[in-house]
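Given the sequences, and given the hints that come with them, work out the whole structure.
What follows is each chain in one-letter form.
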Amino acid sequence: MFYIDPHIHMVSRITDDYETLARMGCLAVSEPAFWAGFDRGSVEGFRDYFRHLTQVEPRRAAQFGVKHFTWLCINAKEAENVPLAREVIAMIPEFLQQPNVLGIGEIGLNKNTPNECTVFLEQVELALQYDLPILIHTPHLEDKYMGTRMILDMLADFSQLDPNRVLVDHVEEHTVREVLDRGYWAGMTLYPVTKCTPKRAVDILEMYGTERLLVNSAGDWGPSKPTAVPDFIMEMRSRGHSYEAIQEVVLENPMRFFSQSPHFQLEVPTQPSSASA
Amino acid sequence: MQLAPMEAARALDREFLQIRARILELAADLDRLDRGAGSLEGDQRMEQIRQALEVLLRQEPGRAEAVQMIFSRPYDPQWKTHFRPVPKPR
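Protein chains in written order, with our numbering: chain A, 1311 to 1587; chain W, 350 to 439.
Hint data in this document are derived by calculation from the structure and do not stem from the laboratory.
Some clues are possibly wrong.
What the hints assert, rightly or not - Computed list of lysine to any residue pairs in SDA-like fashion (alpha-carbon distance at most 20 Å, straight line):
1. K1509/A / V416/W
2. K1509/A / A357/W
3. K1421/A / E1432/A
4. K1377/A / E1435/A
5. K1535/A / A1346/A
6. K1421/A / K1509/A
7. K429/W / E1390/A
8. K429/W / E1435/A
9. K437/W / E1390/A
Below, the structure is given as structure tokens:
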């Protein structure tokens, strides 16, 4: 079955992972800018990172017929350094015309601090200035509920912002309703321990329906599984959900959301992949 | 598109052994904490675990959401009154 992984950090993964994703039916990946596992020391570190995201990864993905898209920003963790964050924000427009850039992301909160809020707001302004969609990171574990609510409060202050052009990621049982009720897209991240499992993701879909819901692996350098979306597909199939319902979540919904970006183009083969069984 | 959940008896057939295994795992986790040297008295995390286990025994839907809330910091609807954006340099 063909699918898109709408949130995966391929800079942290080996080339073999691209091949595995392709074998599983992955047509495209979308890679938001994130924390590298350490705080970068200067704006030049970010410029090199954005070159990696816009030049190196698309080539690596193309070897296996996978399209690579990306989102640019300064992440919530490094946003704590406001002067550096502002330098990065000022530099981002240099890359916005690169053909694989979909929008601004993953911006958001980490520990729900005033500095993080300041940088979040300025990056929402950047997205509005360039008329781009936004991909949002919500905090982990005990900070998720408060942080998600704070993010939604801040977004509500932008009267010109179309909720349909915003994806709020890493939702779980206690945050998904509020995100969907306010008209945003919601992403469920399939992580082994700290976020959502494939089973719980399917539970959430059974409770809320498939509209404006996505699933992703958020595979990165930590404990994560780049093939988590195929695991989700298997869970959907084993519960007897239809091919159409699965396709809606793993392919059509990402395409609907991404199509709001001028750079998104993807040809979907007419025949299911051999991996679809 | 709305998705119909699996029929309950079929879901139980499918999940029973996994539920049993997870409950056993949890019981063994708690035994391990008991066997360890020292005391966990006063550790807030143990209170969260106790509350979460109580939620599992409720005969009502929304248990997963309720457990999430036990492990979450509460939302302060007045948070903006304490928040001041960092001023931009002139």
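Hints and how they fare:
1. K1509/A / V416/W: Answer holds: K1509/A to V416/W is near 16 Å, not above 20 Å.
2. K1509/A / A357/W: 15 Å, holds
3. K1421/A / E1432/A: Since the Cα atoms of K1421/A and E1432/A sit roughly 17 Å apart, the hinted pair holds (cutoff 20 Å).
4. K1377/A / E1435/A: Cα-Cα ~28 Å, so violated.
5. K1535/A / A1346/A: 17 Å, holds
6. K1421/A / K1509/A: Distance ~28 Å between K1421/A and K1509/A Cα, so the pair is violated.
7. K429/W / E1390/A: Holds. K429/W to E1390/A sits at ~18 Å (cutoff 20 Å).
8. K429/W / E1435/A: 18 Å, holds
9. K437/W / E1390/A: 15 Å, holds
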